[in-house]
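Protein chains in written order, with my numbering: chain A, 1 to 346; chain B, 347 to 431.
Be careful, since some hints might not be right.
Quick list of simulated restraints, FRET-style, between CB atoms [what the hints assert, rightly or not]: (1) B:431 x A:77: 17 to 25 Å; (2) A:343 x B:431: 25 to 33 Å; (3) B:422 x A:343: 34 to 42 Å.
Worth flagging that the hints you see were computed from the coordinates, not collected in a lab.
Remember, it's a predicted structure, so these values are computed and weren't measured experimentally.
Just so it is clear, CB atoms sit at the ideal spot from N, CA and C, and this is done for glycine as well.
Given next are the chains, with one letter for each unit.
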Amino acid sequence: MSALIEIISVIFMFIGSLFYLLGSLGIVRFPDLYTRLHASTKTVVIGACGIMFGAILLKGISAASAKALLTMIFLLLTAPTISHAIARAGYYSGVKMCPESVRDDYESYVFEEKKKKLTKARARARMWLGRRKERDLFKLVHDHITKTLFGVKMIADAARDFVRGDIETTEDEVKKIVAIERETSKMSYTALRMIPRSALSSEDSGDLMTLIFSMIQVSRAAEALAHRIELAEPYIFLFPEPAKSGVIKLTGKTIETVEMLGQAVDELNRDLIKAEELSNKVSDLEDEVDVIRRELLKTLLKECKSLDSTFFVINEIIMRLEDIADSSESVANYIRVICAKHLHLL
Amino acid sequence: MITELIHFFIILLCISCVLCLYRLIRGPSLADRIMALNALTVIGIGIAVLIGLLYNEFFIDVAIPLALITYVSAVILTRYLEGEI
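Just chain A, same shape as in the assembly:
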């Protein structure tokens, strides 16, 4: 009986050694990594199992055969994982298949996955302040900016009523504008106090502060314009006709500029490329404002040859409108600076 068991175990061990030899031969002879893996995993592991099974038969029930059985089970469990990991790593690190191979189904899958990762990384890189906490801070700044721009937009109504000669509503609107600008300046102070406490890098917090400061310029200009309109009320009946229509036109263009700026700020933490385009548009609109203002001044100078206080009042209003457009352009320029800082990485 024991002789039979010995013969069987020797046969198993012989088969195992043969598998080892053949597997190693395959490792040497096969043309590329994937076929070699095929040889190494299947053959070599089966060889190990054969030898261990022979050892178990030879030893009978003992501590040694238990250990051999344990190792065998462990090898059988881990061998597929190892070969899979090696094949995957080889594929991702660019190991080529041999030229005779016919098809590669994994390629399209890997390509898609890479594309997805890349678009995700791009989207993240296009945001200015990506992380959660900073997003809250940006929301504060953004609220400040939208509130300011809302106050500026109210100037359009005030100017329309003013030109129409409706003095009471104009006064109301001027008061409202001034109140809104007060509120925004308070908001800007809280935002400025929050920024150094946040986890922002010093560069980003500097950018945010500069943005707030240039926004304060816009609101100052709007407030000044509101006061000028209030001052000009007694003169409204002396305004020549082209001055009225010109002021309305100029106000419309300025408000368009400011609205474009608002969109650019909205995109700042979403898509920097879009924000850059929008701030370019702001600059273009500002140029148009300049052109309109120059034409208006030309016609006015032709109409009223004598330099009286009406012209002075009209000129003040035009200058303040221009101030609003100029300061919103400087905000747009700063947005462009921020975009340039972050987009060069793409």
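Guided by the hints, dock chain B onto chain A, whose structure is given.
Chain B alone, transformed into the frame defined by chain A:
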């Protein structure tokens, strides 16, 4: 009789060791080397078991850590190759 046969098997395993060493040295890629190292360790397990049969049972104990080491080292090396460490 059986000891001579086991010696013969050990010689066979040594030959396959040399073949695997060829692949380990030759490469050409890092993945090939990892695979050859893995195969070498599994051959080492076989040799340990055979020597355990020949001389002393305690040599079979060598097989268990070797099997553990192959697994861990292969996983870590492939992770390294994928650029995740």
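Verification of the hints:
One distance hint, 17 to 25 Å for the beta-carbon pair residue 431 of chain B and residue 77 of chain A, holds here, with the actual separation near 24 Å. About 31 Å separates the C-beta atoms of residue 343 of chain A and residue 431 of chain B, a value consistent with the hinted range of 25 to 33 Å. As the Cβ distance of residue 422 of chain B to residue 343 of chain A is approximately 38 Å, the hint placing it in 34 to 42 Å holds.
No hint from the list above goes unmet by this structure.
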